[in-house]
Amino acid sequence: MTRLPSIRSRLSNTLIGISIAWGVAVSLVVWLAVRHEVDELMDSTLQQSAEILFDLLSFNAERLPLEGPGALPAPMHGEQLVWQIVDAGNAVLLRSNRAPDRPLSAQYKKEGFVGADDEWRVYGMPFDDRGRVLFVAQTGSSRTEARLEAAEITAACALLVGMLCAVWLRTRVSGELEPIVAMSVAVAQFDPLQPGTKLPDATRAELVPMHDAIVDLGARLAKRLASERAFSAHAAHALRTPLAGMVAQLAVAQRTAPEEVQPQLKRTREAADRLRRVVSALLTLFRSGGEVLRQPIDLADMVAHLPFETMSITAQDAARVRADPDLLAAALMNLLDNSLRHGATRVHITTRATSDGVCLVVQDDGAGLTNEDCSRLQAALDQQSYDGATGLGLMLGDLVARAHGGRLLIVPSESGCTIEICLGAA
Amino acid sequence: MRLLLLEDDTILGEGLRDFLRTEGHMVDWCQRLREADALLSEPFDALLVDWQLPDGSGLDWIEGIRRRGGSTPALILTARDLLRDRIRGLDSGADDYIVKPFDPEELSARIRAIRRRASGSAGPTLKFGELELDLSGKRALVRGVRVELTAREWSVVEALALRAGRLVSKSDLDALVLGQEGDVSSNALEVHISSIRRKLGRDVIETVRGLGYRIVA
Chain A
1 MTRLPSIRSR LSNTLIGISI AWGVAVSLVV WLAVRHEVDE LMDSTLQQSA
51 EILFDLLSFN AERLPLEGPG ALPAPMHGEQ LVWQIVDAGN AVLLRSNRAP
101 DRPLSAQYKK EGFVGADDEW RVYGMPFDDR GRVLFVAQTG SSRTEARLEA
151 AEITAACALL VGMLCAVWLR TRVSGELEPI VAMSVAVAQF DPLQPGTKLP
201 DATRAELVPM HDAIVDLGAR LAKRLASERA FSAHAAHALR TPLAGMVAQL
251 AVAQRTAPEE VQPQLKRTRE AADRLRRVVS ALLTLFRSGG EVLRQPIDLA
301 DMVAHLPFET MSITAQDAAR VRADPDLLAA ALMNLLDNSL RHGATRVHIT
351 TRATSDGVCL VVQDDGAGLT NEDCSRLQAA LDQQSYDGAT GLGLMLGDLV
401 ARAHGGRLLI VPSESGCTIE ICLGAA
Chain B
427 MRLLLLEDDT ILGEGLRDFL RTEGHMVDWC QRLREADALL SEPFDALLVD
477 WQLPDGSGLD WIEGIRRRGG STPALILTAR DLLRDRIRGL DSGADDYIVK
527 PFDPEELSAR IRAIRRRASG SAGPTLKFGE LELDLSGKRA LVRGVRVELT
577 AREWSVVEAL ALRAGRLVSK SDLDALVLGQ EGDVSSNALE VHISSIRRKL
627 GRDVIETVRG LGYRIVA
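Each protein sequence line maps, in turn, to chains A and B. Read left to right, the first sequence gives residues 1 to 426 (my numbering). Read left to right, the second sequence gives residues 427 to 643 (my numbering).
Derived by calculation from the structure, the hints in this document are not laboratory data. From the three backbone atoms N, C-alpha and C, an ideal C-beta is built for every residue, glycine too. Just so you know, not all the hints are guaranteed correct.
Which residues of chain A face chain B? A partial, calculated answer using Cβ under 7 Å [unchecked claim]:
hint: 1; residue: T241
hint: 2; residue: A244
hint: 3; residue: A251
hint: 4; residue: V252
hint: 5; residue: A253
hint: 6; residue: R255
hint: 7; residue: P258
hint: 8; residue: R276
Computed Cβ-Cβ distance ranges for the label pairs, DEER-style [said to hold, decoys possible]:
hint: 9; chain 1: A; residue 1: T310; chain 2: B; residue 2: R565; range: 33 to 39 Å
hint: 10; chain 1: B; residue 1: E616; chain 2: A; residue 2: T310; range: 41 to 47 Å
hint: 11; chain 1: A; residue 1: A353; chain 2: B; residue 2: L465; range: 53 to 59 Å
hint: 12; chain 1: B; residue 1: L465; chain 2: A; residue 2: R255; range: 23 to 29 Å
hint: 13; chain 1: A; residue 1: E260; chain 2: B; residue 2: V571; range: 53 to 59 Å
hint: 14; chain 1: A; residue 1: R267; chain 2: B; residue 2: G450; range: 24 to 30 Å
hint: 15; chain 1: A; residue 1: R352; chain 2: B; residue 2: V571; range: 34 to 40 Å
hint: 16; chain 1: B; residue 1: S497; chain 2: A; residue 2: D298; range: 32 to 38 Å
hint: 17; chain 1: A; residue 1: R229; chain 2: B; residue 2: G450; range: 37 to 43 Å
Using the sequences and the hints given, assemble the complete structure.
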């Protein structure tokens, strides 16, 4: 059977997809926003730091060794900010301890942010009126680190929120699907044929149309079945009572009529008995709610009572099956009648155990069927298309087998005809 | 046995009546409930009742009899074969249920069975000292030797045997054996009983003067 898509899985997958997309989109937007804000904040910090540093350095300008390249003596320490004082020729005159020997900016610029290479972010301020410039710089890596840290935290938060939302929504979806599951259970237990049975009310507005449709369908079904049952009851009465009368009158005639008419009466009684079984079987098979009443059946005993005087019918010793005796007898009689009409003189009935029941193998020595006929008839039986091709015997046999949870099999054989009435487990 | 057959279908009713008579039973056949009601004051060995009758339900009729304390075995004859119908039929107070169309021979066997059960015997034979009665074969044996009885004599013995230990009034025995043809004022019954005593033994049937007869166990 094809695995059908699940609403729950589809919605869950959609929610997970949306959550991931949401997380990525939010992270991207946040990354862009954070980068801009972080840059702005750090630039501002850099500028203010430069201004403070300028004040400090210019206050002590006379004591600074600005004649040549050099660095202020200081113990080794980590510097997030470095500075340089360059002359008008962009040569480094003085620098902080960790500042590079080369100018922080290849471009000499008196004021403002200079360059934006990955290594340094530089802010320049004119240091004096001799063209000297103070460069203050942050390392590019510290800026990147700050950006990444902000972006990572924000992205993680966005993803976390997205996943939490996904989990929450999934729970909600499951919760919202519960009324459908509950309705399925209620529908499975709903028997519109039982008076007073009521389908529980729908608990969601969206389920009300489905609920009403099922109730309406059940009501229509119950009405049709009630009508069919009433018809069946009348039909059964109209068929069964005259048949019973016929059999009773024949039984009386058999007991009171002269000896010379006894053979005819016996055959008429047998025909009436056969008619009785066929009518009972048909009424059971074509009626809704007709029960198959399985009983242990001694096959040899049943076969011995079937009215086929001109044909030898034998059954496997001690073969027993559990089946509805009226239905099985009707099926056998019709199959045996087919054998008789196709020239059979002997029929042997055996049983064959199957994985889920038992098959009655009816084998005759009549004209038999070609392999093509077997295939054609089997296909018709498998599709339950009983129109024309199969005849009453095969149709009844198949219906009886199906009523017992099995099917009729037409088995190709080299001589005669072999038909198996397969019955499901009792 | 005296049987009350309630069946509205003429062909079936006639057929069953005639068949059961060939089996040696007395059969009163009615086609309406009101006709059957008129006969209920008389004793019967079994009631054979169709479910659907023109003037009511045979099931309701049986229920009414049971409510009034009637215990005559009843058998439903019906075209309804659904399980729920069988259950309802048996729950109404009927002792058995047979679905049309049926073999009259099967009906006859079921009548014997419900009658046997009503008399407290499960087996097909009843024993009273040296007397043994085979109800299905309609045979009487004394010390294992078969004794020939006429149909009427058998009916008397059977009626008393199915009510073993109980006193059966002359009028009831007349009704059970002779049916509506019986004439209480005649001495036909005494003649049959006298003949039975000669064949089966003097002490087999006890006469309680002024009250009736009973079979002696």
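Verification of the supplied hints:
The beta carbon of T241/A comes within 5 Å of a beta carbon in chain B, closer than 7 Å, and the hint placing it at the interface holds. Residue-level restraint check for A244/A holds (minimum Cβ-Cβ distance to chain B is 4 Å; threshold 7 Å). Restraint check, A251/A versus chain B: the minimum CB separation of about 4 Å is within 7 Å; hint holds. Below 7 Å, beta-carbon pairs count as interface contacts, and V252/A has one with chain B at about 4 Å; its hint therefore holds.
Contact between A253/A and chain B, as hinted, is not supported at the beta carbon level, the nearest pair being about 9 Å apart and thus beyond 7 Å. Interface restraint check for R255/A: the shortest CB-CB distance to chain B comes to about 5 Å, inside 7 Å, so the restraint holds. This hint is violated: P258/A has a C-beta 15 Å from the nearest C-beta of chain B, more than the 7 Å allowed. The restraint placing R276/A at the interface with chain B holds, with a minimum CB-CB distance near 4 Å, inside the 7 Å limit.
For the pair T310/A and R565/B, the beta carbons lie near 37 Å from each other, so the given range of 33 to 39 Å is met. Between E616/B and T310/A the beta carbons are some 56 Å apart, a value that contradicts the proposed interval 41 to 47 Å. The supplied range of 53 to 59 Å is met by A353/A and L465/B, whose beta-carbon atoms lie about 56 Å from each other. Look at L465/B against R255/A: about 26 Å separates their beta carbons, and that is inside 23 to 29 Å.
At about 37 Å, the CB distance of E260/A to V571/B disagrees with the hint of 53 to 59 Å. Against the hinted window of 24 to 30 Å, the Cβ-Cβ separation of R267/A and G450/B comes to about 27 Å, which satisfies the hint. Hint check: R352/A to V571/B, Cβ distance near 52 Å, so the stated range 34 to 40 Å is violated. For S497/B and D298/A, the Cβ-Cβ distance of about 36 Å falls inside the hinted range of 32 to 38 Å, so the restraint holds.
Range check, R229/A to G450/B: Cβ separation about 40 Å, and the 37 to 43 Å hint holds.
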